[in-house]
Amino acid sequence: MKRPVVTLVVGAVLVLIFALLLFTFQVRQSEVAVVTTFGQPTRNITEPGAYLKWPWPIQRVYKFDRRVQVFEDKFTEGLTADNNNLLTAVYVGWRIEDAQAFFPKFGGGSIAAAERMLEGVVGNAKGAVVGRYHLSDFLNADPTRLKFDQIEREMLELVNAQLRTNNTGIRIEFLGIKKIGLPESVTQTVFDRMTSERKVLVSRLENEGEAEAQKIRAAANRQAAEILAAAEAQATRIRGEGEAAAAQILPVFERNPALANFELRLRALEQALKERTTLIFDERTPPFDLFQGFLTNRNAR
Amino acid sequence: MPAGAALTGGVETARTSGGRRPKPDATQVGVVRSKAGEQAECRSRSPGRMRRSYQKYGLINLLTLLAVGAAALAAARYVNSLAGHVAALHLGLGMLVAFVSWFQLRLEEQEAEERLELEDLVRSKGQAALFESEESELLPARRAREQFERYFVPVFTLLLFGLQAVGVWWMWRWLDRQTLPPVAPPLVAMSFFGLFALILFLLGKFASTLARLEDQRLLRPSGDSVLFGAYVCMLAAAAVVGVEAGWPRADYWAARVLLGVLALVAVETLLNLILEIYRPRIRGQRPRPVYESRFVGLLARPEGLVTTAAEALDYQFGFKVSETWFYKFLESALGWLLLLQLGVLMVSTSFVVVEPGQAVLLERWGRPAGDRALLGPGLHLKWPWPVERVYRYRTDEIQSLMVGIEPEEAKPGVIDTRTVAWSTAHGQEDLFMVAHREGMSRAGPGQGTERTAPPVSFLVVNVPIQFQIHDVRQWAYGHKDATGLLRNLATREIVRYLVSADLDEIMSTGRGRAAEELRARIQRVAEEKQLGVRILFVGLQGIHPPVKVVPEFAKVVSAVHTRQARILDAEAEAIRTNALAAAQAFVLTNTALAERVQLEQVSLARAAAFTNQEPAYRAAPSVYPLRAYLETFVPAVAGARKYVLLTTNTQDLIQLDLQDRVRSDLLDVRLPASRP
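In order, the protein sequences belong to chains A and B.
Going by numbering that gives the first Met the number 0, the residue at position 25 of the first sequence is 24; the numbering climbs one at a time, nothing skipped.
Going by numbering that gives the first Met the number 0, the residue at position 521 of the second sequence is 520; the numbering climbs one at a time, nothing skipped.
These aren't lab readings, by the way, just hints derived from the structure by calculation.
Owing to the predicted nature of the structure, the values given are computational and were not obtained by experimental measurement.
Keep in mind that a hint or two might mislead.
Ranges of calculated distance between the beta carbons of each label pair, as one might list FRET restraints [unchecked claim]:
| id | chain 1 | residue 1 | chain 2 | residue 2 | range |
| --- | --- | --- | --- | --- | --- |
| 1 | B | Gln654 | A | Ala243 | 46 to 54 Å |
| 2 | A | Ala80 | B | Gln177 | 56 to 64 Å |
| 3 | A | Val185 | B | Leu186 | 49 to 57 Å |
| 4 | A | Ile279 | B | Glu572 | 50 to 58 Å |
| 5 | A | Glu76 | B | Glu504 | 28 to 36 Å |
| 6 | A | Ala80 | B | Arg366 | 24 to 32 Å |
| 7 | A | Thr36 | B | Trp384 | 23 to 31 Å |
| 8 | A | Asp97 | B | Gln340 | 43 to 51 Å |
| 9 | A | Val4 | B | Leu274 | 38 to 46 Å |
| 10 | A | Asp141 | B | Gly483 | 29 to 37 Å |
| 11 | B | Ala66 | A | Gly48 | 49 to 57 Å |
| 12 | B | His469 | A | Gly48 | 25 to 33 Å |
With a Cα cut of at most 16 Å, we get these calculated EDC-like pairs of lysine to aspartate or glutamate [claimed, not checked]:
| id | chain 1 | residue 1 | chain 2 | residue 2 |
| --- | --- | --- | --- | --- |
| 13 | B | Lys547 | B | Asp429 |
| 14 | A | Lys198 | B | Glu551 |
| 15 | A | Lys73 | A | Glu114 |
| 16 | B | Lys381 | B | Glu362 |
| 17 | B | Lys641 | B | Asp656 |
| 18 | A | Lys198 | B | Asp503 |
| 19 | B | Lys554 | A | Asp191 |
| 20 | B | Lys554 | B | Asp503 |
| 21 | A | Lys146 | A | Asp136 |
| 22 | B | Lys641 | A | Glu274 |
| 23 | B | Lys479 | A | Asp64 |
| 24 | A | Lys214 | B | Glu570 |
| 25 | B | Lys204 | B | Asp214 |
| 26 | B | Lys381 | B | Asp370 |
| 27 | B | Lys547 | B | Glu428 |
| 28 | A | Lys214 | B | Glu572 |
| 29 | B | Lys479 | A | Glu172 |
| 30 | B | Lys641 | A | Asp288 |
| 31 | B | Lys479 | A | Asp288 |
| 32 | A | Lys146 | A | Asp81 |
| 33 | B | Lys547 | A | Asp281 |
| 34 | A | Lys73 | A | Glu118 |
| 35 | A | Lys104 | A | Glu114 |
| 36 | A | Lys73 | B | Asp656 |
| 37 | B | Lys641 | A | Asp281 |
| 38 | B | Lys641 | A | Glu282 |
| 39 | B | Lys479 | A | Glu30 |
| 40 | A | Lys214 | B | Asp568 |
Just so you know, even glycine gets a beta-carbon here, dropped at the ideal spot from N, CA and C.
Build the full structure now, drawing on both the sequences and the hints.
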């Protein structure tokens, strides 16, 4: 008897679980659901909780995430009002506002299908709005001249208008420009310009260094000349002082000018003969005047 | 090997009574088979016997698996069924097993045929003459079968394991790449796989039952493969039903489950190969085909779970494990144990342990559970599944995301010590536009201030952003992919900041200020979007020029150094010039000072000497001057070249060469000074 009881209990548990799976379903806080009966939408559930249903294929439950989902647009090229090619990418925060309207329009509520539709609508709005603005509205050294908010607002209005017209059950919560860029060919020229800028900087720095060096050298030369000139002047002053001191002695020599002059000549002679000198004397110059009277050609004749 | 044992399993004689033969006790397989072989041998010797061939059943299994496998693959591709693809793989591998088992069965039957012919020959010609030849020459079919089992079967099993493992690996990766294409048309898909399942089930049930009843061990692998193929196709069909019933990932998970089963079969194949080496060999016992999967057999015939397990244990250990008390206890209490396990499983869902650093959202029937909706770390009681469910979030953990370049992941266990230089790309460069302020200022009056396009520069950005979840409800219920949204918001703020930033400033002095401002901006937009996060850190250390222009930036740095070097050289030169000038000035002034002193002293000395000479001069006015003259003259002219002309003939013309000679001669040698 034991085995049938066990089998019955296990079977009952399994039947209970199976029945729960077949006849009930839960909708989470983050979900909305649509129940169809033989393919016809009959209930739109927006509140979380546990609900009953008839098993498939009588009734079928389509659950959707009610939270904000983010769709990222491709990085696409457009033309600004001042004929600049500009690549832009936007992101869109969207949510399923009306599940009953949403699920039949996108292959049974396919998020991928909804995002494909969004890609078209957003791309169209983006191209239209970018074409109304100048490049300087996207890129400006003055932050107050940027018009990001205005551009994003206009894109959002266009996208929402399109979605409302088609009653897709989708509401766009926000839209933001994720990225801007330039086409590949323009990018290369920007690189070239950045390179040239750096070359200007290199040239400026190197030549500034040379100029600075020259200035430093000139200043040093000037300062050296000033120092030397001052030294020369001081030396001259000192020598003059020496001369002045020496001049105070001169009256002593005035007592016997003949002797004084003779002494002066002797000192001069002494000074003059210090370097290599060739002297030619005749017999009258003392002490060579001693040669007078002998060893002359007069006697030989 | 006795002849009777050799015949067991290879040849089965027809039932004489036409009823079912009682199944031998699985634990006594070897013994029973041995006896059966003897009986078969006895029967085979009796005249008028009938021999039944089973290879045609093996061939039917093989062809069915081939046909249904190909059809399943085509159908799976047609209706985009992921589980259908994996089912086709199962059928294809089962077809290989069926082929080898059929071939082996064929060899055994040929061997049996050969043995019967030999026995007839012995009876008709006499034993003595016949056994003059070698046994291998007499029984070539037996030799072929032995060679097949010894060499081909292990190699095939190894190959089978390789195919199963590669199949699992490849299909697993293939499933990772799938974007869940809708199964369409679903009714056609269900019909296809339902039909395949029906065909395989009918044939497989027959083949499997036949193999068990007739104890045809070589018919069993293909029969099990066919029956298992039926269940695999049923699961593929059920997955389509699940998708249609509102579980869009049912097909995906069915494919995963089937791959998991195939992985287990692959592991079992490998274990079979290894265990076959250590299995005790019992004389007269025909080996079980090593490529046969017990797991597949179990799944194909779940009713034989206990029998399969017992057979496996007995076969592997060589004694009757299935007769032990523990085994019998498990067999009798299995139902209760399963029920107990189910109960424990349900009770275990009534507790939730929240780890430190985590927060848990508790939902009752899908809605937040009132004041217990948010649970902190610790042990909590809850209603069992499916009444209440929990969702865990890492609230204390500092999480991070990256804007711009995604750096390459470091290999696990390897410390990355590479230098991160601007000149080396660390990944796909993501260029961010920067307005060029210098260009704007140079644009001239009226330009760049209104609507003139400013010059553009590029920056490569790699910005790590660290954040914490501080409001779990906002984080969990507000956005489907909150991390992705935060990355988009951060990217937007960085783009907006850079388009009006100064390139040189943001890469140098303004980096810290910019990082703080960006953090504040990202925090503000995250609050606007109710993300429930706190931005802790925004790092701008990864901002640098594009790799293509990095060499030019390096040249600027070099130029800065060159400039500084030139200035320093000039300063060194200036220092030298000024120092030398100062020294020269010092020399000049000191020379003058010396001269002044000399002049003063000499003047004084001369005055003193003059005072002393004056009396002498007065005393000898003619002698004193001459003496003084000669005393001065002689030393003064001592070093001079002297020519003394004693001319009396004034008419003679004397030519004197007074030029300095280039070469010196003896006359130029300076004489040593005369000693005083």
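Against the structure, the hints come out as follows:
The hinted window of 46 to 54 Å between Gln654/B and Ala243/A holds, with their beta carbons roughly 50 Å apart. Between Ala80/A and Gln177/B the beta carbon distance is about 44 Å. The supplied range of 56 to 64 Å is therefore violated. The hinted range of 49 to 57 Å is satisfied by Val185/A and Leu186/B, whose Cβ atoms lie roughly 54 Å apart. In this structure the supplied range 50 to 58 Å holds for Ile279/A paired with Glu572/B, their Cβ-Cβ distance being about 54 Å.
Judged by the Cβ atoms, the range 28 to 36 Å given for Glu76/A and Glu504/B holds: they are separated by roughly 30 Å. The beta-carbon spacing between Ala80/A and Arg366/B, approximately 51 Å, falls outside the hinted interval of 24 to 32 Å. One distance hint, 23 to 31 Å for the beta-carbon pair Thr36/A and Trp384/B, holds here, with the actual separation near 28 Å. Taking the beta carbon of each, Asp97/A and Gln340/B are about 45 Å apart, inside 43 to 51 Å as hinted.
Taken as a hint, the range 38 to 46 Å holds for the pair Val4/A and Leu274/B, whose Cβ atoms sit roughly 39 Å apart. A hinted range of 29 to 37 Å for the beta carbons of Asp141/A and Gly483/B is consistent with their spacing of about 32 Å. Separated by about 50 Å at the C-beta atoms, Ala66/B and Gly48/A satisfy the suggested range of 49 to 57 Å. At roughly 28 Å, the beta-carbon separation of His469/B and Gly48/A lies within the given 25 to 33 Å, and the hint holds.
This hinted pair checks out: Lys547/B and Asp429/B have alpha carbons roughly 13 Å apart, not beyond 16 Å. Taking the CA atoms of Lys198/A and Glu551/B, the gap is near 7 Å; set against the 16 Å cutoff, the hint holds. With a C-alpha separation of about 12 Å, the suggested pair Lys73/A and Glu114/A falls inside the 16 Å cut-off, and the hint holds. Proposed proximity of Lys381/B and Glu362/B is supported: the alpha carbons are some 10 Å apart, at most 16 Å.
Proximity of Lys641/B to Asp656/B is assessed by CA-CA distance (about 13 Å); at most 16 Å being required, the pair is judged to hold. At roughly 15 Å between alpha-carbon atoms, Lys198/A and Asp503/B fall within 16 Å of each other, so this suggested pair holds. Under the criterion of a C-alpha separation no larger than 16 Å, the hint pairing Lys554/B with Asp191/A is consistent with the structure, at around 15 Å. The hinted pair formed by Lys554/B and Asp503/B meets the criterion: a straight-line CA distance of about 15 Å does not exceed 16 Å.
The suggested pairing of Lys146/A with Asp136/A holds, with an alpha-carbon distance near 5 Å, which does not exceed 16 Å. At most 16 Å may separate the alpha-carbon atoms for a hinted pair to count; Lys641/B and Glu274/A meet this at roughly 13 Å. Restraint check for Lys479/B and Asp64/A: satisfied, since their Cα atoms lie roughly 7 Å apart, inside the 16 Å limit. Proximity of Lys214/A to Glu570/B is assessed by CA-CA distance (about 10 Å); at most 16 Å being required, the pair is judged to hold.
For the hint pairing Lys204/B with Asp214/B, the CA-to-CA distance comes to about 15 Å; that is within 16 Å, so the pair holds. Only pairs whose Cα atoms come within 16 Å are accepted, and Lys381/B paired with Asp370/B is accepted, the gap being roughly 13 Å. At most 16 Å may separate the alpha-carbon atoms for a hinted pair to count; Lys547/B and Glu428/B meet this at roughly 11 Å. In summary, the hint linking Lys214/A to Glu572/B is supported, as the alpha carbons are separated by about 12 Å, within the 16 Å threshold.
A C-alpha spacing of about 13 Å is found between Lys479/B and Glu172/A, which places the hinted pair at or below 16 Å, so the restraint holds. The hinted pair formed by Lys641/B and Asp288/A meets the criterion: a straight-line CA distance of about 14 Å does not exceed 16 Å. Straight-line distance between C-alpha atoms of Lys479/B and Asp288/A comes to about 135 Å, which puts the hinted pair past the 16 Å bound. Between Lys146/A and Asp81/A the CA atoms are separated by roughly 15 Å; this keeps the pair inside 16 Å, and the hint holds.
Taking the CA atoms of Lys547/B and Asp281/A, the gap is near 96 Å; set against the 16 Å cutoff, the hint is violated. A threshold of 16 Å between alpha carbons decides the hint, and for Lys73/A with Glu118/A the separation of about 8 Å falls inside it, so the pair holds. For the given pair, Lys104/A sits about 12 Å from Glu114/A by alpha-carbon distance, which is consistent with the 16 Å threshold. Taken as a hint, the Lys73/A and Asp656/B pair is broken in the structure, with Cα atoms around 107 Å apart against an allowance of 16 Å.
With a C-alpha separation of about 11 Å, the suggested pair Lys641/B and Asp281/A falls inside the 16 Å cut-off, and the hint holds. For the hint pairing Lys641/B with Glu282/A, the CA-to-CA distance comes to about 13 Å; that is within 16 Å, so the pair holds. A threshold of 16 Å between alpha carbons decides the hint, and for Lys479/B with Glu30/A the separation of about 10 Å falls inside it, so the pair holds. Note on Lys214/A and Asp568/B: the hinted pairing holds, with a Cα-Cα distance of about 12 Å set against a maximum of 16 Å.
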